[in-house]
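Sequences and hints are given; from them, build the entire structure.
Number of protein chains: 2
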Amino acid sequence: MSKEQLFIFDTTLRDGAQTQGVDFSVDDKLKIASALDNLGVDYIEGGWPGANPTDTEFFQKKHSFNNAKLTSFGMTKRTGRSADNDPGLSALLNSNTPAVCIVGKSWDFHVDIALGISNEENLENIKETAKHFVKENKEFMFDAEHFFDGYKANPSYALSCLKSAFDEGARWIVLCDTNGGTLPHEVTKIVTEVSKTIPGKNLGIHAHNDTGNAVANSLAAVWAGVRQVQGTINGLGERCGNANLMSLIPTFFLKEDFATNFQLKIKPDNIKKLTECSRLLDEILNRKPNKHLPYVGAAAFSHKGGLHVSAVQKNPKTYEHIDPVEVGNSRNIVVSDQSGKSNIISRLKTIGIEIEESDPKIKKLLDEVKDREFIGYSYDGADASFELLARRIISKIPRYILIKEYDVSVKKDSSGTIVSSAKAQLEVDGEKIMCTGEGNGPVNALDNAIRQNVDRLNKYSKYLKDLKLVDYKVRILNTGTEAITRVSIESTDSKGKNWFTIGVSANIIDASFKALVDSLDYKLFKDKAPASL
Amino acid sequence: MSKEQLFIFDTTLRDGAQTQGVDFSVDDKLKIASALDNLGVDYIEGGWPGANPTDTEFFQKKHSFNNAKLTSFGMTKRTGRSADNDPGLSALLNSNTPAVCIVGKSWDFHVDIALGISNEENLENIKETAKHFVKENKEFMFDAEHFFDGYKANPSYALSCLKSAFDEGARWIVLCDTNGGTLPHEVTKIVTEVSKTIPGKNLGIHAHNDTGNAVANSLAAVWAGVRQVQGTINGLGERCGNANLMSLIPTFFLKEDFATNFQLKIKPDNIKKLTECSRLLDEILNRKPNKHLPYVGAAAFSHKGGLHVSAVQKNPKTYEHIDPVEVGNSRNIVVSDQSGKSNIISRLKTIGIEIEESDPKIKKLLDEVKDREFIGYSYDGADASFELLARRIISKIPRYILIKEYDVSVKKDSSGTIVSSAKAQLEVDGEKIMCTGEGNGPVNALDNAIRQNVDRLNKYSKYLKDLKLVDYKVRILNTGTEAITRVSIESTDSKGKNWFTIGVSANIIDASFKALVDSLDYKLFKDKAPASL
Numbered sequence: 000m001s002k003e004q005l006f007i008f009d010t011t012l013r014d015g016a017q018t019q020g021v022d023f024s025v026d027d028k029l030k031i032a033s034a035l036d037n038l039g040v041d042y043i044e045g046g047w048p049g050a051n052p053t054d055t056e057f058f059q060k061k062h063s064f065n066n067a068k069l070t071s072f073g074m075t076k077r078t079g080r081s082a083d084n085d086p087g088l089s090a091l092l093n094s095n096t097p098a099v100c101i102v103g104k105s106w107d108f109h110v111d112i113a114l115g116i117s118n119e120e121n122l123e124n125i126k127e128t129a130k131h132f133v134k135e136n137k138e139f140m141f142d143a144e145h146f147f148d149g150y151k152a153n154p155s156y157a158l159s160c161l162k163s164a165f166d167e168g169a170r171w172i173v174l175c176d177t178n179g180g181t182l183p184h185e186v187t188k189i190v191t192e193v194s195k196t197i198p199g200k201n202l203g204i205h206a207h208n209d210t211g212n213a214v215a216n217s218l219a220a221v222w223a224g225v226r227q228v229q230g231t232i233n234g235l236g237e238r239c240g241n242a243n244l245m246s247l248i249p250t251f252f253l254k255e256d257f258a259t260n261f262q263l264k265i266k267p268d269n270i271k272k273l274t275e276c277s278r279l280l281d282e283i284l285n286r287k288p289n290k291h292l293p294y295v296g297a298a299a300f301s302h303k304g305g306l307h308v309s310a311v312q313k314n315p316k317t318y319e320h321i322d323p324v325e326v327g328n329s330r331n332i333v334v335s336d337q338s339g340k341s342n343i344i345s346r347l348k349t350i351g352i353e354i355e356e357s358d359p360k361i362k363k364l365l366d367e368v369k370d371r372e373f374i375g376y377s378y379d380g381a382d383a384s385f386e387l388l389a390r391r392i393i394s395k396i397p398r399y400i401l402i403k404e405y406d407v408s409v410k411k412d413s414s415g416t417i418v419s420s421a422k423a424q425l426e427v428d429g430e431k432i433m434c435t436g437e438g439n440g441p442v443n444a445l446d447n448a449i450r451q452n453v454d455r456l457n458k459y460s461k462y463l464k465d466l467k468l469v470d471y472k473v474r475i476l477n478t479g480t481e482a483i484t485r486v487s488i489e490s491t492d493s494k495g496k497n498w499f500t501i502g503v504s505a506n507i508i509d510a511s512f513k514a515l516v517d518s519l520d521y522k523l524f525k526d527k528a529p530a531s532l
Numbered sequence: 000m001s002k003e004q005l006f007i008f009d010t011t012l013r014d015g016a017q018t019q020g021v022d023f024s025v026d027d028k029l030k031i032a033s034a035l036d037n038l039g040v041d042y043i044e045g046g047w048p049g050a051n052p053t054d055t056e057f058f059q060k061k062h063s064f065n066n067a068k069l070t071s072f073g074m075t076k077r078t079g080r081s082a083d084n085d086p087g088l089s090a091l092l093n094s095n096t097p098a099v100c101i102v103g104k105s106w107d108f109h110v111d112i113a114l115g116i117s118n119e120e121n122l123e124n125i126k127e128t129a130k131h132f133v134k135e136n137k138e139f140m141f142d143a144e145h146f147f148d149g150y151k152a153n154p155s156y157a158l159s160c161l162k163s164a165f166d167e168g169a170r171w172i173v174l175c176d177t178n179g180g181t182l183p184h185e186v187t188k189i190v191t192e193v194s195k196t197i198p199g200k201n202l203g204i205h206a207h208n209d210t211g212n213a214v215a216n217s218l219a220a221v222w223a224g225v226r227q228v229q230g231t232i233n234g235l236g237e238r239c240g241n242a243n244l245m246s247l248i249p250t251f252f253l254k255e256d257f258a259t260n261f262q263l264k265i266k267p268d269n270i271k272k273l274t275e276c277s278r279l280l281d282e283i284l285n286r287k288p289n290k291h292l293p294y295v296g297a298a299a300f301s302h303k304g305g306l307h308v309s310a311v312q313k314n315p316k317t318y319e320h321i322d323p324v325e326v327g328n329s330r331n332i333v334v335s336d337q338s339g340k341s342n343i344i345s346r347l348k349t350i351g352i353e354i355e356e357s358d359p360k361i362k363k364l365l366d367e368v369k370d371r372e373f374i375g376y377s378y379d380g381a382d383a384s385f386e387l388l389a390r391r392i393i394s395k396i397p398r399y400i401l402i403k404e405y406d407v408s409v410k411k412d413s414s415g416t417i418v419s420s421a422k423a424q425l426e427v428d429g430e431k432i433m434c435t436g437e438g439n440g441p442v443n444a445l446d447n448a449i450r451q452n453v454d455r456l457n458k459y460s461k462y463l464k465d466l467k468l469v470d471y472k473v474r475i476l477n478t479g480t481e482a483i484t485r486v487s488i489e490s491t492d493s494k495g496k497n498w499f500t501i502g503v504s505a506n507i508i509d510a511s512f513k514a515l516v517d518s519l520d521y522k523l524f525k526d527k528a529p530a531s532l
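Residue numbers (numbering that gives the first Met the number 0), protein chains in the order written: chain A, 0 to 532; chain B, 0 to 532.
No false leads were mixed into what you were given.
Put simply, identical chains are the same to the list, so a pair is met inside one copy or across any two.
Pairs of lysine-lysine residues, derived as DSBU-like cross-links and limited to a Cα-Cα distance of at most 30 Å, are as follows:
no. : residue 1 : residue 2
1   : Lys-316   : Lys-287
2   : Lys-472   : Lys-422
3   : Lys-316   : Lys-151
4   : Lys-271   : Lys-151
5   : Lys-316   : Lys-266
6   : Lys-303   : Lys-61
7   : Lys-313   : Lys-303
8   : Lys-431   : Lys-513
Worth flagging that the hints you see were computed from the coordinates, not collected in a lab. No experiment lies behind these values; they were computed from the predicted model shown.
See below:
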């Protein structure tokens with residue numbers, strides 16, 4: 000049986016940017032777009048050129064995607080103005096994207112209340128806008144705002160809005176549940192009716208989660224004939240969010256009824272990137288990932304109850320609806336000490352430490368990791384700090400630079416000038432070296448104090464010269480200014496393989512310092528620098 | 000038309016307690032049970048007596064509920080032991096609850112792998128257990144574990160498991176999607192088939208959210224005939240959680256197709272308690288509420304995009320699927336670089352500033368917001384900083400404390416002791432006051448320097464005494480230690496209404512300082528402190 004093609008349209012950068020508390024920089028948008036393209040979605044909606052400086056700048060960048068079509072978003076032309084003469088439409092054309100998605104009204108109540116124009120004027124605006132972009136050879140999509148509410152209120156008018164765009168050559172007519180109040184059984188009924196007028200292969204669904212049914216509404220729409228599905232990474236989006244593509248994509252791929260009837264452009268192997276893609280977005284937003292997300296959440300395959308754990312150990316299928324590996328996630332046995340050991344052993348193996356399961360050092364390392372994670376460390380994302388800890392407990396690690404004292408200060412004077420400076424006393428081969436540095440902030444000053452004096456660090460200079468900090472992240476683990484601070488640092492060097500270190504302390508400067516020293520130590524260790532006396 | 004009765008079964012205290020990271024005390028359980036009873040659910044599943052000390056103690060308490068039936072949970076009797084002689088069943092009987100919910104296998108694969116008994120032995124265990132409790136006049140429910148997977152694998156065996164309990168007088172047969180992998184169209188199909196054997200009025204649904212469809216699966220089951228719906232507050236529960244009752248209950252009440260066909264015991268007025276009930280659970284769990292929850296989330300009725308805001312002002316129905324007041328929630332207009340004049344004007348209105356749309360100060364404020372957001376500010380989560388900015392531009396704000404100079408330092412000496420100290424020069428009524436403080440970190444020291452000296456702040460002491468910082472967040476906006484830092488502070492006072500301020504700078508100390516000073520200023524402003532000279 001030949002499978003029908005399903006198209007995935009990501010709107011993280013447009014509708015997702017409407018989420019309260021989310022404000023992407025141009026750089027954030029570029030990173031997200033690149034991850035989506037690597038995943039293999041069909042369309043990436045980049046934003047609304049002209050609506051705000053970030054989106055305008057994003058579209059001015061040179062984009063080259065391997066899989067996705069970049070799509071710009073805008074609204075139908077204004078009444079009383081020709082499409083050629085509408086500055087909004089010009090901004091979209093100037094953005095030079097292969098596809099354009101234009102939102103327009105399909106609910107007569109909105110035409111009256113929000114636009115204050117006649118129903119006929121609205122149809123004319125849709126028609127002229129579609130014609131304008133089709134003439135310019137754009138892949139044109141009409142995003143029918145409030146379609147489901149509109150259809151319930153006035154089905155024939157709602158349909159004529161769709162036809163106004165479709166008859167002018169729109170590739171896609173997207174049925175948008177803008178207010179998110181439509182339920183799955185209604186989607187099934189309405190899409191079935193609409194597909195008598197517009198073929199399913201030209202229909203899309205854009206669902207919101209205001210009743211907790213965005214994913215289900217998208218599935219219902221596909222089941223009733225729709226072939227383009229819009230959504231966002233992690234269900235980001237205005238109010239309660241959009242349909243979560245991290246839930247929909249694996250359902251299309253892994254659940255029998257969908258997998259036997261449909262195919263996606265996303266390659267099967269890329270499904271394993273979904274967990275990474277989900278975490279990347281949270282990292283960019285610097286927010287704690289929701290552990291309970293379907294498929295990709297850290298707790299999605301966690302087993303806590305004793306009966307469940309023992310059954311899962313006999314056969315994971317007993318309490319797992321899919322194999323977590325298929326989406327790049329992993330199983331997590333919350334209570335078992337034994338599983339902790341085997342995790343540690345397998346992780347040690349990857350860094351080249353072979354050790355017997357019965358070695359008491361394993362227990363010591365496990366206890367140390369548990370104790371440290373309890374106070375806020377997290378070794379999941381800090382490979383270099385974990386390796387240093389493991390080597391300190393299990394084998395040995397040379398002594399390099401000692402940094403026992405430091406003094407960091409930030410002063411603002413009455414002219415408003417801010418000076419951040421740092422002193423650090425290093426010890427190498429018994430010799431004490433006082434280093435000083437300034438920077439944009441206290442951590443930068445401390446970093447500069449240590450590393451701008453690299454020439455004075457005797458035998459270590461050559462190893463540290465190419466070290467570069469590429470990312471610095473702060474997370475406050477409790478509440479209040481007296482909370483625990485976790486600092487993560489990502490470092491790189493001329494060899495191009497990045498490493499990650501972590502520091503935890505009640506004091507943000509001390510936490511940063513710990514992560515920084517781990518980064519230096521790791522660099523010296525991996526480049527086989529000689530030990531200090 | 001007479002409406003059919005729907006029954007709500009809450010399992011927050013049993014399945015919800017299986018959530019990773021959740022660990023209820025007996026006291027927590029009592030509080031939650033009382034909130035659920037006040038809301039008016041039909042059944043409260045309190046836990047598994049005998050399985051752990053907390054649950055055992057919970058059932059030993061005297062409970063008197065006005066609306067709900069307390070239900071205890073357990074599993075079918077063991078093979079090779081009579082029901083009368085099974086200590087697990089005795090613990091349930093001793094818990095003296097009017098209703099009992101017993102889980103048992105309905106998937107032959109599980110009977111074999113997890114229990115290691117024959118299919119016939121399993122049927123016998125179900126039958127004898129049902130008979131045992133029915134004889135004791137308990138309202139008996141059979142929770143058919145993995146029913147949907149079992150039905151797909153071996154429909155006749157799965158059905159015979161249900162019949163074994165039903166034929167002995169079980170009031171409810173609960174169809175449990177234990178692994179959460181079943182999709183709504185499958186639920187519809189399977190429930191329709193099952194209801195030919197067991198009447199819908201005796202069927203329940205227990206859905207998990209592993210594909211993001213727990214709510215939709217529950218709705219599909221009701222639509223196909225089921226009359227008892229199980230779920231938890233906020234969708235708490237193992238792995239990805241259970242069906243969220245905070246989404247289902249308002250859907251049953253407020254959405255036309257359900258409201259015209261079904262009625263609940265929950266009184267219409269109590270629907271307004273849902274937001275409060277949702278927040279209570281997060282408070283007990285000491286976790287930040289998910290702003291994006293359907294119906295009850297703080298952002299569920301937030302409007303950020305400019306076009307949406309101007310329409311909502313004309314008529315909220317334009318972008319709201321229900322009136323937020325119906326569930327005890329409220330509307331929220333967000334200001335950001337996505338927003339236009341209408342957002343600003345409506346937000347100004349909520350803080351008591353009336354201004355004409357044509358006033359050039361609106362444009363000035365909007366430009367200032369956009370410029371600041373471009374360099375890293377984000378006003379959508381910083382209501383107090385926005386209000387101060389707006390008042391500084393549009394009207395006037397009194398001059399309070401001036402803080403022109405500060406000096407913050409963190410020193411670590413060779414003994415490992417870390418001291419964070421801060422000096423700040425304040426000016427009040429022309430008088431210069433030098434304040435010093437120490438703290439766990441530089442920001443805490445600065446906060447202490449200013450506020451521990453509150454008695455010396457002359458006329459401001461009484462206003463600042465009850466100010467408390469409740470949250471402190473850091474976000475690094477670019478990469479590298481030289482990046483821009485955004486600090487957000489949440490503050491509160493004895494009046495209990497929290498406010499949010501923000502500071503942005505290349506220097507983390509300076510960013511923190513700005514957010515801190517905005518918090519003090521806002522507190523002085525809102526409490527109508529007199530201006531400084």
